Amino acid sequence: DQQVKQNSPSLSVQEGRISILNCDYTNSMFDYFLWYKKYPAEGPTFLISISSIKDKNEDGRFTVFLNKSAKHLSLHIVPSQPGDSAVYFCAAILTSGTYKYIFGTGTRLKVLA
Amino acid sequence: KAGVTQTPRYLIKTRGQQVTLSCSPISGHRSVSWYQQTPGQGLQFLFEYFSETQRNKGNFPGRFSGRQFSNSRSEMNVSTLELGDSALYLCASSLQGALGQPQHFGDGTRLSIL
Numbered sequence: 032d033q034q035v036k037q038n039s040p041s042l043s044v045q046e047g048r049i050s051i052l053n054c055d056y057t058n059s060m061f062d063y064f065l066w067y068k069k070y071p072a073e074g075p076t077f078l079i080s081i082s083s084i085k086d087k088n089e090d091g092r093f094t095v096f097l098n099k100s101a102k103h104l105s106l107h108i109v110p111s112q113p114g115d116s117a118v119y120f121c122a123a124i125l126t127s128g129t130y131k132y133i134f135g136t137g138t139r140l141k142v143l144a
Numbered sequence: 293k294a295g296v297t298q299t300p301r302y303l304i305k306t307r308g309q310q311v312t313l314s315c316s317p318i319s320g321h322r323s324v325s326w327y328q329q330t331p332g333q334g335l336q337f338l339f340e341y342f343s344e345t346q347r348n349k350g351n352f353p354g355r356f357s358g359r360q361f362s363n364s365r366s367e368m369n370v371s372t373l374e375l376g377d378s379a380l381y382l383c384a385s386s387l388q389g390a391l392g393q394p395q396h397f398g399d400g401t402r403l404s405i406l
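Order-wise, the sequence lines are chains D and X. Heads up: the first sequence begins at 32 in the working numbering, then just goes up one per residue. Heads up: the second sequence begins at 293 in the working numbering, then just goes up one per residue.
Take these hints with a grain of salt, some might be off.
Unchecked claim - Dumping the calculated BS3-like pairs for lysine-lysine here, alpha-carbon to alpha-carbon at most 30 Å:
(1) D:Lys-102 with X:Lys-349
(2) D:Lys-131 with D:Lys-102
(3) D:Lys-85 with D:Lys-102
(4) D:Lys-99 with D:Lys-141
(5) D:Lys-99 with X:Lys-349
(6) D:Lys-85 with D:Lys-69
(7) X:Lys-349 with D:Lys-36
(8) D:Lys-87 with D:Lys-131
(9) D:Lys-99 with D:Lys-85
(10) X:Lys-305 with D:Lys-141
(11) D:Lys-87 with X:Lys-305
(12) D:Lys-87 with D:Lys-36
(13) D:Lys-131 with D:Lys-69
(14) X:Lys-349 with D:Lys-141
(15) D:Lys-85 with X:Lys-349
(16) D:Lys-102 with D:Lys-141
(17) D:Lys-85 with D:Lys-141
(18) D:Lys-69 with D:Lys-87
To be verified - Chain D regions said to be covered by chain X (calculated; three or more residues, Cβ under 8 Å):
(19) 70-76
(20) 132-144
Calculated from the structure, these hints are not laboratory results. Model, not experiment: these values are computed from the prediction. Ideal Cβ placement from N, Cα and C applies to all residues, glycine included.
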């Protein structure tokens with residue numbers, strides 16, 4: 032049972048436009064959500080996080096939105112740059128009861144110059 | 293500042309053997325977490341160590357174990373290797389492993405089981 036899902040395996044966006052990466056989860060008890068970026072042959076790189084008590088967090092070109100009622104998380108990248116081309120993973124953390132740190136399956140973003 | 297270092301980068305073993313992977317965190321980081329990445333299951337959390345104690349554990353069998361030393365370096369051991377253990381094993385460190393605190397990943401050890 033995949034508790035954190037990224038339903039789009041890939042996404043192509045024109046340089047300068049907005050990239051929107053989506054993530055859905057099933058457990059309403061998750062405390063924290065994070066986004067990571069991964070280039071081939073490298074480990075993931077942390078991008079941005081959001082607590083479950085917030086609905087938006089912004090850091091430069093990256094903004095994460097959390098819609099708790101829909102159990103939906105999204106990452107907006109504006110403006111998109113060719114260097115943003117990578118695989119993006121969302122992750123959710125649960126600390127109450129059994130600790131869980133669950134990653135989504137990833138979305139490959141390609142930013143076209 | 294040196295990043296997270298994992299050794300070795302590549303490893304080939306056969307079924308039934310055991311393996312030990314090493315992770316040196318960023319200097320000053322006390323939390324070290326281990327993850328397994330496979331094409332079928334994606335990234336899965338194995339366990340986290342903080343101050344030489346296992347603090348959190350994922351849903352993996354007891355064949356997967358780890359430890360952390362006083363200098364925060366960590367090792368992960370897998371015994372009685374199975375074909376399904378073939379994966380990229382990633383280590384990540386953070387200052388204290390607090391919620392939402394950025395984790396810094398190494399480039400991983402790719403383990404292949406023949």
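Now the hints, each set against the structure:
1. With a C-alpha separation of about 25 Å, the suggested pair D:Lys-102 and X:Lys-349 falls inside the 30 Å cut-off, and the hint holds.
2. At roughly 17 Å between alpha-carbon atoms, D:Lys-131 and D:Lys-102 fall within 30 Å of each other, so this suggested pair holds.
3. Proposed proximity of D:Lys-85 and D:Lys-102 is supported: the alpha carbons are some 13 Å apart, at most 30 Å.
4. Under the criterion of a C-alpha separation no larger than 30 Å, the hint pairing D:Lys-99 with D:Lys-141 is consistent with the structure, at around 28 Å.
5. Pair hint D:Lys-99 plus X:Lys-349 holds up; C-alpha atoms about 26 Å apart against a cutoff of 30 Å.
6. Restraint check for D:Lys-85 and D:Lys-69: the C-alpha separation of about 25 Å stays at or below 30 Å, so the hint holds.
7. Distance check on the hinted pair: X:Lys-349 and D:Lys-36 sit about 21 Å apart at the alpha-carbon level, within 30 Å; holds.
8. With a C-alpha separation of about 22 Å, the suggested pair D:Lys-87 and D:Lys-131 falls inside the 30 Å cut-off, and the hint holds.
9. Our distance criterion of 30 Å between C-alpha atoms is met by D:Lys-99 and D:Lys-85, whose separation comes to about 9 Å.
10. Distance restraint check for X:Lys-305 and D:Lys-141: the Cα-Cα separation of roughly 35 Å exceeds the 30 Å cut-off, and the hinted pair is therefore not satisfied.
11. At roughly 46 Å between alpha-carbon atoms, D:Lys-87 and X:Lys-305 are farther apart than 30 Å, so this suggested pair is violated.
12. With a C-alpha separation of about 20 Å, the suggested pair D:Lys-87 and D:Lys-36 falls inside the 30 Å cut-off, and the hint holds.
13. For the hint pairing D:Lys-131 with D:Lys-69, the CA-to-CA distance comes to about 21 Å; that is within 30 Å, so the pair holds.
14. Using a Cα cut-off of 30 Å, the hinted pair X:Lys-349 and D:Lys-141 is violated, with the two alpha carbons roughly 34 Å apart.
15. For the hint pairing D:Lys-85 with X:Lys-349, the CA-to-CA distance comes to about 27 Å; that is within 30 Å, so the pair holds.
16. Between D:Lys-102 and D:Lys-141 the CA atoms are separated by roughly 26 Å; this keeps the pair inside 30 Å, and the hint holds.
17. The hinted pair formed by D:Lys-85 and D:Lys-141 meets the criterion: a straight-line CA distance of about 29 Å does not exceed 30 Å.
18. Only pairs whose Cα atoms come within 30 Å are accepted, and D:Lys-69 paired with D:Lys-87 is accepted, the gap being roughly 23 Å.
19. A count of 5 residues in the region 70-76 of chain D with a Cβ less than 8 Å from any Cβ of chain X is obtained; the coverage claim is therefore met, three being the minimum.
20. Under the rule that three or more residues need a Cβ within less than 8 Å of chain X, the assignment of the region 132-144 of chain D holds, with 6 such residues.
Figure legend: structure checked against the earlier numbered hints; hints not met, in rising order: 10, 11, 14.
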